[in-house]
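Go ahead and model the full structure; you've got the sequences and the hints to work with.
Quick mapping for you: the protein sequence lines, in order, are chains A and B.
Residues 1 to 270 in my numbering are what the first sequence lists, from first letter to last.
Residues 1 to 341 in my numbering are what the second sequence lists, from first letter to last.
Watch out, some of these pointers could steer you wrong.
[As the list claims (entries may be wrong)] In silico PhoX-like links for lysine-lysine, alpha-carbon gap of 25 Å or less: (1) 141(B) - 73(A); (2) 18(A) - 214(A); (3) 74(A) - 32(B); (4) 88(B) - 145(A).
Hints are computed from structural coordinates only; laboratory data are not their basis.
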Amino acid sequence: MSAIFSIEDMCVSYGREKIIHGVSLSIGAGELCALLGLNGSGKTTILHAACGFLPMTGVCTAAGQDCSGLNEKKRARLISFIPQVCSMRGGITVMEAVLMGFNAHLGLFGSPSRAQKQFALDTLERLGYASFKGRDFGTLSQGQKQIVLLARCLVQNAPVMLMDEPDNALDFLNRHMVLQKIREVLRTQQKAGLITLHDPNFAMNYCDRLLLLKSGYLVGEIKMKGASREELEKKLSLIYGAIEVFSFNGNFFMGQVQETETSPLFTKLC
Amino acid sequence: MPYPSRRQTVLLFAIVILLNLAVAVVSIFVGKYQIAPDEILALLMGGDTVAPMSAKVFFTLRLPRTVMAFLAGLGLGLAGSAYQVLFKNPLASPDIIGVAGGANLGAAVAVVMTSSSIPIMTLGAFWGGLAAVACVMLLVKATNSHSTSTYVLAGIVINAISKAMIMTLKYFADPENELAAMEYWEMGSFSNITQSKLLSILPMFLMGLIGLLLLRRQVQLMGLSDNECRALGVRLRPVRAAVLILSTLLVASIVSVTGLISFVGLIAPHTAKLMLRRNNSITLCLSGLTGGLVVMASDIFARTLYSAELPISILTTVTGVPLLLYFMCIKRGPHERNFFY
Numbered sequence: 001m002s003a004i005f006s007i008e009d010m011c012v013s014y015g016r017e018k019i020i021h022g023v024s025l026s027i028g029a030g031e032l033c034a035l036l037g038l039n040g041s042g043k044t045t046i047l048h049a050a051c052g053f054l055p056m057t058g059v060c061t062a063a064g065q066d067c068s069g070l071n072e073k074k075r076a077r078l079i080s081f082i083p084q085v086c087s088m089r090g091g092i093t094v095m096e097a098v099l100m101g102f103n104a105h106l107g108l109f110g111s112p113s114r115a116q117k118q119f120a121l122d123t124l125e126r127l128g129y130a131s132f133k134g135r136d137f138g139t140l141s142q143g144q145k146q147i148v149l150l151a152r153c154l155v156q157n158a159p160v161m162l163m164d165e166p167d168n169a170l171d172f173l174n175r176h177m178v179l180q181k182i183r184e185v186l187r188t189q190q191k192a193g194l195i196t197l198h199d200p201n202f203a204m205n206y207c208d209r210l211l212l213l214k215s216g217y218l219v220g221e222i223k224m225k226g227a228s229r230e231e232l233e234k235k236l237s238l239i240y241g242a243i244e245v246f247s248f249n250g251n252f253f254m255g256q257v258q259e260t261e262t263s264p265l266f267t268k269l270c
Numbered sequence: 001m002p003y004p005s006r007r008q009t010v011l012l013f014a015i016v017i018l019l020n021l022a023v024a025v026v027s028i029f030v031g032k033y034q035i036a037p038d039e040i041l042a043l044l045m046g047g048d049t050v051a052p053m054s055a056k057v058f059f060t061l062r063l064p065r066t067v068m069a070f071l072a073g074l075g076l077g078l079a080g081s082a083y084q085v086l087f088k089n090p091l092a093s094p095d096i097i098g099v100a101g102g103a104n105l106g107a108a109v110a111v112v113m114t115s116s117s118i119p120i121m122t123l124g125a126f127w128g129g130l131a132a133v134a135c136v137m138l139l140v141k142a143t144n145s146h147s148t149s150t151y152v153l154a155g156i157v158i159n160a161i162s163k164a165m166i167m168t169l170k171y172f173a174d175p176e177n178e179l180a181a182m183e184y185w186e187m188g189s190f191s192n193i194t195q196s197k198l199l200s201i202l203p204m205f206l207m208g209l210i211g212l213l214l215l216r217r218q219v220q221l222m223g224l225s226d227n228e229c230r231a232l233g234v235r236l237r238p239v240r241a242a243v244l245i246l247s248t249l250l251v252a253s254i255v256s257v258t259g260l261i262s263f264v265g266l267i268a269p270h271t272a273k274l275m276l277r278r279n280n281s282i283t284l285c286l287s288g289l290t291g292g293l294v295v296m297a298s299d300i301f302a303r304t305l306y307s308a309e310l311p312i313s314i315l316t317t318v319t320g321v322p323l324l325l326y327f328m329c330i331k332r333g334p335h336e337r338n339f340f341y
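Here is the structure:
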């Protein structure tokens with residue numbers, strides 16, 4: 001699988017404090033990779049540096065182009081991004097919010113064309129949100145907002161999609177729906193996806209590869225295709241400590257090993 | 001309360017445009033020099049039966065004054081709306097980055113140096129406004145932090161310096177002539193507007209106006225966080241600088257001939273947002289039209305309420321506050337509080 005997105009020897013510092021220490025990774029077409037790690041391990045920092053929000057050393061390449069010298073517009077044509085928290089407020093419709101995704105493909109004074117508006121509507125339709133197009137963005141729940149952000153990211157139509165906990169604030173069903181849609185889009189449109197997730201169970205079941213991050217270092221990598229329960233348990237315990245991995249119907253689940261008064265050792269499902 | 005439909009939005013725009021036209025018509029009939037309505041109609045139709053003095057007063061003073069009042073409101077409303085989105089601050093108005101403060105200082109310096117020569121005051125105010133924003137941009141560059149809060153802080157610094165210098169000039173100014181001229185300029189007035197003044201500021205004004213309208217989609221995107229803007233491909237620094245420069249041209253060209261006009265840049269965007277219940281690029285246009293309406297109506301009151309002409313800033317406040325209060329009191333959903341950044 002040829003790499004569409006790659007990072008080589010990325011280092012990021014906040015002032016004098018080094019946060020990311022020489023991280024390298026590459027993602028192929030149609031592949032969804034999860035960045036897993038505890039809070040403060042540097043997951044969001046890696047995404048922000050790759051998007052050009054933070055200064056970094058090393059090389060970041062998307063669709064064969066070195067992103068370091070690119071301005072915001074050129075970079076946005078290669079990399080789209082879903083933030084953890086959306087800064088968009090009310091006062092605009094869902095359709096207007098989605099149309100913002102076309103900005104990288106429009107001139108400074110341009111407006112979305114009829115065909116682009118239809119594409120935006122089709123994208124909302126694919127996500128099951130076509131009926132929301134006239135709704136005020138501010139009236140949506142946090143989960144619904146995340147789905148609109150996903151639609152905005154999809155109309156941006158960049159070969160690389162970076163997603164910072166897009167399932168943040170989604171309910172159980174919507175979380176499955178969003179991750180399924182993301183995987184489907186990446187596969188059908190042959191895009192590369194890098195997603196940060198807090199729940200390893202969702203990562204194991206929806207992602208092709210897991211990248212394990214601890215204190216700014218990439219400490220392991222798991223290819224889900226052909227991965228054994230033992231391998232998962234061994235590698236995931238590098239960042240999560242005492243854990244146990246189960247297999248059920250071909251899917252993996254992780255639980256935390258805990259000691260209590262009644263049961264000296266039991267596994268609590270995450 | 002639901003969004004107004006496309007039809008209701010068009011209707012709202014039509015009403016505001018018609019109100020503007022109605023107020024403009026009233027405005028050209030009002031003035032100290034009596035011109036009969038049939039004379040005005042004849043002049044507008046291009047007739048040459050009207051007394052030369054009436055024609056001269058109408059074309060060099062009355063009509064330019066009405067046009068200037070509309071343009072001033074339009075420009076301040078548009079610039080205010082752009083500033084509120086750009087700085088993500090509902091209290092932002094054209095003086096947030098020091099345009100008004102700089103223009104005030106420029107005019108005050110002109111008063112002291114040229115003994116209240118009006119053309120020099122106009123030039124002083126215009127260049128003062130531009131110089132203040134240039135200083136803000138230099139300060140931002142010096143700090144190497146290009147966030148919106150840095151612009152606001154730099155604006156506060158430049159405003160404070162301008163204020164201190166104006167106070168010093170006032171302290172040493174001749175109280176009968178220079179101090180009175182400075183105070184009067186700060187309260188704003190359309191009494192000195194002539195055709196030549198209007199034409200002199202028109203190129204700068206149109207440059208700012210057309211530029212801002214063309215950039216309306218970028219202005220809307222600037223309401224997002226800096227990182228989200230970048231991720232969507234907004235050229236943050238050049239676009240922000242362009243919006244600031246264009247709105248500065250707009251505001252500086254207005255206040256250089258009218259003096260300071262308070263409150264319009266703040267209330268016109270809010271009134272437009274409350275009427276439309278939206279905060280998008282259409283709101284930017286409606287803010288301008290609302291501003292035009294408020295300033296033209298205020299100018300009519302300024303000419304008619306008292307035997308001497310009243311300063312415009314008193315009237316813009318008196319006219320604007322009830323309008324804003326009315327739309328604030330209309331019952332609306334809790335989510336609609338969200339878009340007042």
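Comparing the hints with the structure gives:
1. 141(B) - 73(A): holds (22 Å)
2. 18(A) - 214(A): Roughly 13 Å separates the two Cα atoms, so the pair holds.
3. 74(A) - 32(B): violated (60 Å)
4. 88(B) - 145(A): Holds. Residue 88(B) to residue 145(A) sits at ~20 Å (cutoff 25 Å).
In summary, the one numbered hint that this structure violates is 3.
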